[in-house]
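Number of protein chains: 2
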Amino acid sequence: MSRKRFDTLNCSIAGTLELVGDWWTLLVVRDAFFGANSFTDFRKNLGISRNILTDRLQRLLDAGILEKFQSSDTSKRELYRLTTKGKDLLPLLVSMMQWGDRWINGPGHEPVTLVSRTSAEQIRQIRVETEGHESLMPEQLGFIPGPGADQTTRQRFARK
Amino acid sequence: MSRKRFDTLNCSIAGTLELVGDWWTLLVVRDAFFGANSFTDFRKNLGISRNILTDRLQRLLDAGILEKFQSSDTSKRELYRLTTKGKDLLPLLVSMMQWGDRWINGPGHEPVTLVSRTSAEQIRQIRVETEGHESLMPEQLGFIPGPGADQTTRQRFARK
DNA sequence: TAATTATGGTTGCATAACAAGACCAATAAT
DNA sequence: ATTATTGGTCTTGTTATGCAACCATAATTA
Chain B
1 MSRKRFDTLN CSIAGTLELV GDWWTLLVVR DAFFGANSFT DFRKNLGISR NILTDRLQRL
61 LDAGILEKFQ SSDTSKRELY RLTTKGKDLL PLLVSMMQWG DRWINGPGHE PVTLVSRTSA
121 EQIRQIRVET EGHESLMPEQ LGFIPGPGAD QTTRQRFARK
Chain F
1 MSRKRFDTLN CSIAGTLELV GDWWTLLVVR DAFFGANSFT DFRKNLGISR NILTDRLQRL
61 LDAGILEKFQ SSDTSKRELY RLTTKGKDLL PLLVSMMQWG DRWINGPGHE PVTLVSRTSA
121 EQIRQIRVET EGHESLMPEQ LGFIPGPGAD QTTRQRFARK
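Protein sequence lines, in the order shown, are assigned to chains B and F. Counting from 1, position 4 in the first sequence corresponds to residue 4 in the working numbering; the numbering is continuous, with no gaps. Counting from 1, position 153 in the second sequence corresponds to residue 153 in the working numbering; the numbering is continuous, with no gaps.
FYI, nobody ran anything at the bench for these hints, they're computed from the structure. Hints may be right or wrong, so weigh each one.
If you want a taste of the chain F side facing chain B, the calculated C-beta under 8 Å gives, among others [to be verified]:
hint	residue
1	ALA14
2	ASP73
3	MET96
4	VAL112
5	VAL115
6	ARG127
7	LEU141
Mimicking DMTMM-like on lysine to aspartate or glutamate, the simulated pairs with C-alpha atoms at most 25 Å apart in a straight line are [what the hints assert, rightly or not]:
hint	chain 1	residue 1	chain 2	residue 2
8	F	LYS87	B	ASP22
9	B	LYS44	B	ASP7
10	B	LYS87	F	GLU129
11	B	LYS87	F	GLU139
12	F	LYS87	B	ASP88
13	F	LYS4	B	ASP22
14	F	LYS85	F	ASP22
15	B	LYS87	F	GLU134
What you are looking at is a predicted structure, and each value in this text was computed from that prediction instead of being measured. Backbone N, C-alpha and C fix where the C-beta goes; we use that ideal spot for every residue, glycine too.
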C-alpha cells in the first residue's frame, strides 16, 4: 500500500516525475535558480518544514541535481548549488512559469520576469517546434514508440 | 497542519504547482495527450487508484484543463478531453520528457518519440532563447520582479 | 573567557494524501 | 433476462507532510 512508483512506466515524463514530482522538489530547484544555496535560504524563501527540506535536499543530492560545495568566504560552510543535470531543468521551470503567467496570473500581472543579461532582446515563449523553427500545435504532433519502448508501450500506441 | 499552499507565494511556478504539482495530475494530462479520454483508459494506462483518479479528473475539470464531451459513437458516454488551457501544458510535458530522455533513459533509449505529422523535420530540443532564437544558458539569465510582484518578491530580488 | 546567536539539522507526534479492495448504480451487450 | 462494462463511492490502512521541541557545532558578542 505504499506510494505507486512511476519509474517502471517506461516513460520519460513518469521517470522525471518520480524524481521531482512531489509537492516540494521543483520549488527547491526553482529557489536554487533564484540564487538560494543554504538550508536557511530555502527555509526562508519557501516556508518549508525543516524535516521535509532535509529530505528533499538529500534526494536532490542523490539524484545529482544539486551538489555541495565549500563557501569561499573564509567560513567553510557547505552550500548547495545546481549541477549540469540540475541546470538542465531550466526549460521545464520556464515552461511552468510561462503557463502560470498566462493562465493563473494573466498578462501584465507576472510576479517574476525572465530577462537576458547578454542581450537586449525579450525571452521567447517556449514552444514545441521543428528544427526549422516551425511551431507545432498539439494536433500536429504524434507520439510513437521510441528505441527504448517496451512491449506495453508498443502495444499501446499500436492500436490507436 | 494541512498541506502548505503554494498559490500565495507570488510565483507562477508555485501557482502552477498548486494546480498540477501532486504525484498524479501531470500523468493524467500526459495520458490525455496520448489519446486517453475515458475513466477506464486512464486507469488502464496508469494503474492509478479509482478514488485518486476521480479526485484528479474533478480537479482538472474545475481548473478548466479538461472538459467533458459527449461521445459521437451512438453511446452517449461522457468522455474527457483537453481544453486550450490544457493543451497549453504541452511545452511543460515535452520539457519533462526531453529531460528524462537525456538524464534518465539516455540517448538511444527513449521510450517514446515525438514526431510531426505535418513535416518531415525532427522535433527540436526545447530551449530558453531570445526572440532572435539565441539560446540562453542559466548564467545568462536574470530573474527580476515583474509587474505583478508583491513586496516580498521585490525585496527578495533587491538584495541580490 | 563565558554567554549568545546562527546554522543545519533530528526526533516525535498530529493531520493530510494515497492505495487497495469492497461495494453499487446505470447502461450496454449477449 | 442475465451478464459485463463503465464510472464511480466508501472504508480501512499506510505514507507524506507540518509543526514544535530538541541538539550539536561554529561563529559572534559581552
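**Request:** Could you check the structure against the hints above and give me the numbers of any it violates, in ascending order?
**Result:** Numbers 2, 9, in rising order.
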